[in-house]
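Chains A and B, in that order, are what the protein sequence lines are.
Per full-length UniProt numbering, the first sequence starts with residue 1, numbered consecutively.
Per full-length UniProt numbering, the second sequence starts with residue 1, numbered consecutively.
No wet-lab data here; the hints were simulated from the structure.
Among the hints, a few may not be true.
[Stated by the list, open to error] Derived DEER-like restraints, expressed as beta-carbon distance ranges: (1) A:R244 x B:Y136: 44 to 52 Å; (2) B:T177 x A:K66: 26 to 34 Å; (3) A:S84 x B:S76: 19 to 27 Å.
Glycine included, every Cβ here is placed at the ideal spot set by N, Cα and C.
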Amino acid sequence: MKTILRLTICIFFLGISNMNCQSKMVPIKGGSYIPLYGRDSARVTIQDFLMDVYPVTNEDFLQFVKENPKWRKSKVIKLFADKSYLINWKNDTEIGEKVNLKSPVTNVSWFAAKCYCEKQGKRLPTVDEWEYVGMANQKLSDARTLKTYNEYILGWYEKPRTFNNVIGSTFKNYWGVYDMHGLVWEWTSDFNSVLVSGESRKDVDNDSNLFCGSAAVGSTDLMNYAAFMRYATRGSLKAKYTMRNLGFRCVKDKNIAQ
Amino acid sequence: MKVVKYITILLFSITLLSSCKKEKNNTSLAIVYECPMLCEGGKTYTEEGSCPVCKMDLTQKDKKEAKELALATDISESSIFNLASEWKTEENKTIHLEDLRGKTLVMVMIYTTCKAACPRLVADMRNIEAKIPKAYNEDLQYVLISIDPKNDTPERLKAFAKENFMDDEHWTFLQGTEESVREFANVLAVKYKQISPLDFSHSNIISVFNPEGELVHQQEGLGVDNKETIASILETVKN
Numbered sequence: 001m002k003t004i005l006r007l008t009i010c011i012f013f014l015g016i017s018n019m020n021c022q023s024k025m026v027p028i029k030g031g032s033y034i035p036l037y038g039r040d041s042a043r044v045t046i047q048d049f050l051m052d053v054y055p056v057t058n059e060d061f062l063q064f065v066k067e068n069p070k071w072r073k074s075k076v077i078k079l080f081a082d083k084s085y086l087i088n089w090k091n092d093t094e095i096g097e098k099v100n101l102k103s104p105v106t107n108v109s110w111f112a113a114k115c116y117c118e119k120q121g122k123r124l125p126t127v128d129e130w131e132y133v134g135m136a137n138q139k140l141s142d143a144r145t146l147k148t149y150n151e152y153i154l155g156w157y158e159k160p161r162t163f164n165n166v167i168g169s170t171f172k173n174y175w176g177v178y179d180m181h182g183l184v185w186e187w188t189s190d191f192n193s194v195l196v197s198g199e200s201r202k203d204v205d206n207d208s209n210l211f212c213g214s215a216a217v218g219s220t221d222l223m224n225y226a227a228f229m230r231y232a233t234r235g236s237l238k239a240k241y242t243m244r245n246l247g248f249r250c251v252k253d254k255n256i257a258q
Numbered sequence: 001m002k003v004v005k006y007i008t009i010l011l012f013s014i015t016l017l018s019s020c021k022k023e024k025n026n027t028s029l030a031i032v033y034e035c036p037m038l039c040e041g042g043k044t045y046t047e048e049g050s051c052p053v054c055k056m057d058l059t060q061k062d063k064k065e066a067k068e069l070a071l072a073t074d075i076s077e078s079s080i081f082n083l084a085s086e087w088k089t090e091e092n093k094t095i096h097l098e099d100l101r102g103k104t105l106v107m108v109m110i111y112t113t114c115k116a117a118c119p120r121l122v123a124d125m126r127n128i129e130a131k132i133p134k135a136y137n138e139d140l141q142y143v144l145i146s147i148d149p150k151n152d153t154p155e156r157l158k159a160f161a162k163e164n165f166m167d168d169e170h171w172t173f174l175q176g177t178e179e180s181v182r183e184f185a186n187v188l189a190v191k192y193k194q195i196s197p198l199d200f201s202h203s204n205i206i207s208v209f210n211p212e213g214e215l216v217h218q219q220e221g222l223g224v225d226n227k228e229t230i231a232s233i234l235e236t237v238k239n
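Could you put the whole structure together from the sequences, leaning on the hints where they help?
Right, here's the structure in full:
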């Protein structure tokens with residue numbers, strides 16, 4: 001009896017120390033799925049990985065800039081972030097009264113997000129990984145065919161200023177991950193792999209000159225308008241851009257998790 | 001006996017708890033102090049105090065930060081030389097982008113197994129080179145970066161350079177890592193996606209950088225009129 005008691009105490013302390021060190025992650029079981037954009041409806045295989053349960057918060061990012069001065073608002077260089085980087089923060093090390101510590105951090109560039117994850121021993125998810133987790137609803141790992149699933153996401157697109165809400169305020173999905181939809185858009189490591197013809201940078205109907213092999217990359221499910229919006233947005237982004245409704249979360253490969 | 005056990009467990013838990021904090025504290029260890037008058041040359045102290053020669057208070061000197069500051073004033077904020085990634089040239093030499101500093105850079109992203117657009121993109125590069133007076137070659141570097149670092153080894157790149165008569169000093173081919181290539185593409189705003197083991201979709205963009213690594217011009221598309229590109233190259237070289 002006593003051994004069990006001691007063991008529980010030990011595990012309890014271990015749990016606390018882990019929570020202090022890193023944000024909570026859950027395992028995502030790999031599999032294959034057909035993404036909205038792919039080559040000839042090819043299935044994409046996803047390896048097992050771990051994903052942050054919540055998007056990175058202002059509080060997390062504040063700690064990061066305190067420890068890494070080169071990512072502070074006044075120090076960050078033009079190559080890595082545009083002028084609106086952390087624009088809603090009061091100064092280098094204070095976020096200001098109107099900003100909630102528990103809200104997802106936004107107005108961060110891809111470079112900053114990438115560096116944040118690397119400092120935690122993690123990385124940004126790929127587009128495929130993000131979409132794989134993002135297609136789940138509360139009960140199903142792939143809810144894309146459900147009308148309610150698409151309506152929920154599109155309903156969010158119409159709601160203003162959801163980036164001011166706190167993390168965990170939307171649903172917990174099949175994998176135990178919160179806020180994939182309904183709070184903020186999120187950076188992905190290879191967002192620049194999205195080739196949508198007529199992307200905002202050069203808005204022409206059929207730009208076969210600009211993209212080699214562009215005909216091979218097309219939409220598999222035009223009904224999935226919500227996902228189309230995400231791909232279109234990624235296609236219009238540049239790595240130094242920062243947006244009020246664009247945050248991020250990190251992932252980690254399974255094998256180096258322990 | 002039991003008490004000993006409890007104490008061990010407690011100690012164990014405490015070490016676990018404090019392990020996080022330790023990491024954070026490490027960063028502050030880098031702070032050193034030195035005399036503001038530098039009486040003893042560059043001699044530094046790890047604790048506060050006064051200089052034994054002039055008796056002035058020692059001032060804090062954050063070595064790391066000082067170094068970073070010096071670099072920042074050296075390279076402009078929008079320069080690609082801020083990227084710290086390592087690259088391999090077609091001669092199997094390891095370089096940083098900063099090593100290309102001082103020359104006007106004409107850069108393009110390609111892969112050598114490409115059958116569709118890349119040969120035309122390479123041809124565009126050669127057309128540009130042909131229109132620039134040879135006298136400027138010394139102040140210029142044409143850089144071709146592979147978006148397929150797995151297959152495009154320095155040997156492959158070297159062979160490709162020879163095949164295409166691009167083996168002179170002013171041509172450079174670079175192999176990075178998947179990470180560094182992705183990052184560099186982001187700086188150039190080049191988009192690409194692997195659509196099969198040997199095929200990539202990618203945007204066809206030729207970029208011109210001035211000797212300080214700042215982007216001055218981008219030409220988009222294949223076989224487009226390169227007048228503006230050439231004008232911008234000439235302008236940056238002459239400056």
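Consistency of the hints with the structure:
For the pair R244 (chain A) and Y136 (chain B), the beta carbons lie near 45 Å from each other, so the given range of 44 to 52 Å is met. Distance hint check for T177 (chain B) and K66 (chain A): the Cβ-Cβ separation is about 30 Å, which falls inside the suggested range of 26 to 34 Å. Taken as a hint, the range 19 to 27 Å holds for the pair S84 (chain A) and S76 (chain B), whose Cβ atoms sit roughly 20 Å apart.
In this structure, none of the earlier numbered hints is contradicted; all agree with it.
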